[in-house]
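Go ahead and model the full structure; you've got the sequences and the hints to work with.
Protein chains in written order, with the working numbering: chain A, 58 to 390; chain B, 2 to 293; chain C, 764 to 1098.
Among the hints, a few may not be true.
What the hints assert, rightly or not - Partial list, derived from the structure: chain C residues whose beta carbon lies under 7 Å from chain B:
#1 Asp868
#2 Thr877
#3 Val999
#4 Ala1002
#5 Asn1008
#6 Tyr1009
What the hints assert, rightly or not - Under the rule of at most 27 Å between Cα atoms (straight-line distance), these lysine-lysine pairs were calculated in the BS3-like manner:
#7 C:Lys767 / C:Lys894
#8 A:Lys332 / C:Lys892
#9 A:Lys279 / A:Lys143
#10 C:Lys1096 / A:Lys279
#11 C:Lys1096 / B:Lys224
#12 B:Lys209 / C:Lys796
#13 A:Lys279 / C:Lys823
#14 A:Lys288 / C:Lys894
#15 B:Lys101 / C:Lys894
#16 A:Lys288 / C:Lys767
#17 C:Lys892 / A:Lys387
#18 B:Lys143 / C:Lys823
#19 C:Lys796 / A:Lys279
#20 A:Lys332 / C:Lys894
#21 C:Lys856 / B:Lys81
#22 C:Lys857 / B:Lys101
Hints are computed from structural coordinates only; laboratory data are not their basis. Backbone N, C-alpha and C define an ideal beta-carbon position, used for all residues, glycine too.
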Amino acid sequence: MFTLTENEISNLEKLKNKEILITGGSGFVGTWLTQLLLYLNDTYNFNITLYLIARQLTCNLEALIDSRKDIIFIKNDIRNIREFPKDIAYIIHAASSPDNRIYMSNPIESMNIISDGTKNTMENALLLEKLEKIVHLSSGQIYGSLDSHNITENDFGKLNCNSISAIYPEAKRYAETLVNAYRSLHKLPVVQVRPFSFIGPFMSLNKPWAVNSFIRDVLKTKNIRILGNGKPVRSYMYPTDMAVWILTMLLYGKSGASYNLGSDVGISLEEVAIKIKNIVGNDVSIEILNMNDSCSEFVPNIDYVRHELDLDITVNIDDTLKKSIQWFEKNLL
Amino acid sequence: MNLKVAILGTGNIGTDLLIKIFRSPYLQCTLFAGRNLSSKGMLKAMSFGVPLSDKGIDAIIENPTCCDLVFDATSAASHKIHAPILKQLHKIVIDLTPAKLGLFTIPSVNLAEALQYDNLNMITCGGQASIPIAYAISKIVKNIDYIELVSTIASKSAGPGTRANIDEYIETTEKALSHFSGCKTVKAIINLNPAQPSIDMNTTIYLKIDEPDMHLISVEVKKMVEVIQSYVPGYFLALEPVYDNGFVILSIKVQGLGDYLPKYAGNLDIINSAAIALAEEFAKNKEVIYDK
Amino acid sequence: MTNKINLYDVTLRDGSHAIAHQLSIEQVEHYTKAIDQTGVYAVEVGHGNGLGASSVLVGKSQLSDEILLKTAKENLQHTKLGIHVIPGFATIKKDIENAILWGVDVFRVASHCTEADITERHIGYVRNKGKEAYGLLMMSHMTSPEILLDEAIKMQTYGAEGIIILDSAGSYLPDDVKERITLLSQNLNVPVGFHAHNNLGLGISNSLVAIESGAQIIDGATKGFGAGAGNAQLEVLAAVLQKINYQTNIDLYKLLDAADMVEKDLIKEPITISSLSIVSAMAGVFSGFSKHVKRVAKELNVDPRDIFMELGRHKVVAGQEDTIIDIALKLKKRI
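Next comes the structure, spelled out in structure tokens:
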């Protein structure tokens, strides 16, 4: 699943013999980080002990965890954990779903998971003697609506806090500010990471995102329907890159810094639909219904990450889609 | 001595149960267990001086003698995990989730039968309000061709869990209605009404009956209403049985007691009151527990 | 963006209210055959309250959903087959799963205007099956434009490919429509639609205001055949839009033929704006109530207008038809 360069391996060697905690361990990000950390243990004898906190284990992880001693699952709500295992050196706080439907149907509980879950994670972190760094997984959505194309870490657009759509991004903004308050008051070493869009294995196709439904429809030989003009631009990062980036940010990110996490190669919805159709090779058509004029863009600028952390995209969009589709064909149909 | 009961789940249902148990001369709450000691329900329970735990079911596993009967007010998924554990520990379980593992139980209908089981399911709020009436009529009218239940509850009384499980509400209510009335063709419908101030829970029952003896039906319905009122004080007949267009029609309203949630939450009140009535019956017949 | 308007035909669904849900196989056959040639986007068929709604509460269908939908599907080659779905009446297992098998293309999942979150699972299920899903907010006059927007955003997030607001009581004035449609179309990413009732004679003009305010989906019924005073009259709407140069893909002559067929085949009593329809709009009560109110009022000898006004005061929602008899009996006692 992973092919890391020697340089990347030696960069990650700081993780050797360390205890790492992931909150939200069973989500998409948690699953991928677990895969990578176990790969480092198995292939390069990193001897990492991994703690996963989640309310529920997904089937992807269940099989994995049963058979291993280097991974410990703590089944609990992140808000209710009173203390973390005392030798934890690194924390990746990834608890909170990015599925907007949950924010619509259960907004108060969702906001509370982000606010109290983050607060409780920071409080518990304060008690750790060996703590070296925390990554707080925020969201690219905190940028709000912007006119600029490639979003840098310093661009802040409009967010209407009175709209139901603001539940997730405003809660994430609050969480970032709270994490920074812990850094300011208690000098907790924290790095903010702002994920954009991904596609790849372990994701559900039953998600309200365009590329997921395109792949689902094409695999089921259904036509792709694009409501608008097909021009909105997104970018998609493959999760192996995502996992390596997060660990690099954890080890080398500057405390107090914020980093975009995503690909800077934008692609329009229409282009991505055509690529998916060609990869699968099904006889489906792409219907562009032109019901709106939206040409929105949601693509990060990653110059800062490139420059500071020497990271780059290693899986291009074609391979990202190919690998994803291969996995979905095998696992979801 | 009172029957020792534990409550799993510290949300609205669990907290309302706690208040009702406090009033019961037969029950004593010996454990209030959830996941979060700072939840609103926990704080309320703390003010009552009830033993608390944030370890959920593990609190019972660690101290199995703490209770004889457990109210499960968590979620269907959690109850599926709890049920086998509690069975092994020989606890009577009253399940308020939609897990549907145990015996469908309505205190005014099958209390004696319930005493022989160790997992009792409380169906749904609409089911508790209407099924006993349909049952009472089915005892005197042999061939009811069709029964339909329509419940309207205040929007405010339906939380995110109820809303996400609206299909399960319908399936469970229909299944239990068929089970108790013996009528094969049934239908359940539910509406949410957002009017302010909040409306009382309302359930209308339609029964397709040829040439009904309306007097006899009226008498039987009133008898059943009185039985239900003995454990749900806010339960009343809002529309007495009328015969219209081939159907016997009547309506029930349920006002909550305002124990924890305000009075509009008649839906929560009726299912909890039924659960308490059931637990009290076990308390009055403790020997059935120790025989198990 | 194009100036294309999708016309959505609700004749065989909303019209079911007008004939107490007594559609026959022949009526469905003839109409779907005729409408298939007209260029309307989709034709909705079924009980007035949609899938799985046949009940004593709102009226029993003469034909099952299965027969209605299969018959319609057999006669449609070009036009999509749609269905109205209200969670609380219909469930995924009992109804939606089957409707997909019977060939339904378009599912319009509806809730009362403030209760969009009960549609999450149903919309998600339909989308996951690769079918078209829309979100419908019924009785939309009963809440503020701002809350309507929030509820619409919820449905959009659940996967709805368009949001249609229903003037179920036919009580909107043009400015009401303008305010709501403008707000929604400026803030949603999916197309916005409008479903008129003609209680105050504003069916066509309100639909036009909706289009001018950004709506791209308009519901209508041929001959206005719908609940209460009926819907926006589809063939009139098509003609008006043609005059203003909107693209509708409609073959007007063929639509007129379909409308004439409705008049001959379906309509027992002409759809007019009855005095009672005006009262029902003033009271803000669901148009589908009118048959039930008339029947109960006659049986109990109560003024139906009083029943409507009282229902309005109780703020009843669609699906609360059971309150009609209760209220009528109370009114009778008061007399």
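Each hint, compared with the structure:
Given hint, Asp868 of chain C at the interface with chain B, is violated; its Cβ is 22 Å from that chain's nearest Cβ, farther than 7 Å. For Thr877 of chain C, the suggested interface contact is upheld, since its CB lies about 5 Å from the closest CB of chain B, less than 7 Å. Evaluation of the Val999 of chain C hint against chain B yields a violated restraint, the C-beta minimum of about 34 Å exceeding 7 Å. A distance limit of 7 Å between C-beta atoms decides the matter here; for Ala1002 of chain C the minimum to chain B is near 38 Å, and the interface restraint is violated.
Because the closest C-beta pair between Asn1008 of chain C and chain B is about 41 Å apart, greater than 7 Å, the hint is violated. A hinted interface residue such as Tyr1009 of chain C counts as satisfied when its beta carbon comes closer than 7 Å to some beta carbon of chain B; here the least separation is about 36 Å, so the hint is violated. Taken as a hint, the Lys767 of chain C and Lys894 of chain C pair is honoured in the structure, with Cα atoms around 22 Å apart against an allowance of 27 Å. Pair hint Lys332 of chain A plus Lys892 of chain C holds up; C-alpha atoms about 22 Å apart against a cutoff of 27 Å.
The suggested pairing of Lys279 of chain A with Lys143 of chain A is violated, with an alpha-carbon distance near 52 Å, which exceeds 27 Å. Taking the CA atoms of Lys1096 of chain C and Lys279 of chain A, the gap is about 60 Å. The hint is violated against a cut of 27 Å. Under the criterion of a C-alpha separation no larger than 27 Å, the hint pairing Lys1096 of chain C with Lys224 of chain B is consistent with the structure, at around 25 Å. Among the hinted pairs, Lys209 of chain B with Lys796 of chain C is inconsistent with the structure: their alpha-carbon atoms are about 37 Å apart, more than 27 Å.
Between the alpha carbons of Lys279 of chain A and Lys823 of chain C the distance comes to roughly 35 Å, so the proposed pair goes past 27 Å and is violated. For the suggested pair Lys288 of chain A and Lys894 of chain C, the alpha carbons sit about 23 Å apart, so the restraint of at most 27 Å is met. Between Lys101 of chain B and Lys894 of chain C the alpha-carbon distance is near 31 Å, which puts this suggested pair outside the 27 Å criterion. Distance restraint check for Lys288 of chain A and Lys767 of chain C: the Cα-Cα separation of roughly 18 Å lies within the 27 Å cut-off, and the hinted pair is therefore satisfied.
The suggested pairing of Lys892 of chain C with Lys387 of chain A holds, with an alpha-carbon distance near 18 Å, which does not exceed 27 Å. Restraint check for Lys143 of chain B and Lys823 of chain C: satisfied, since their Cα atoms lie roughly 23 Å apart, inside the 27 Å limit. Taking the CA atoms of Lys796 of chain C and Lys279 of chain A, the gap is about 25 Å. The hint holds against a cut of 27 Å. Restraint check: the Cα-Cα separation between Lys332 of chain A and Lys894 of chain C comes to about 22 Å, which is no more than 27 Å; the hinted pair holds.
Restraint check for Lys856 of chain C and Lys81 of chain B: satisfied, since their Cα atoms lie roughly 21 Å apart, inside the 27 Å limit. The hinted pair formed by Lys857 of chain C and Lys101 of chain B meets the criterion: a straight-line CA distance of about 18 Å does not exceed 27 Å.
Of the numbered hints listed earlier, those contradicted by the structure are 1, 3, 4, 5, 6, 9, 10, 12, 13 and 15.
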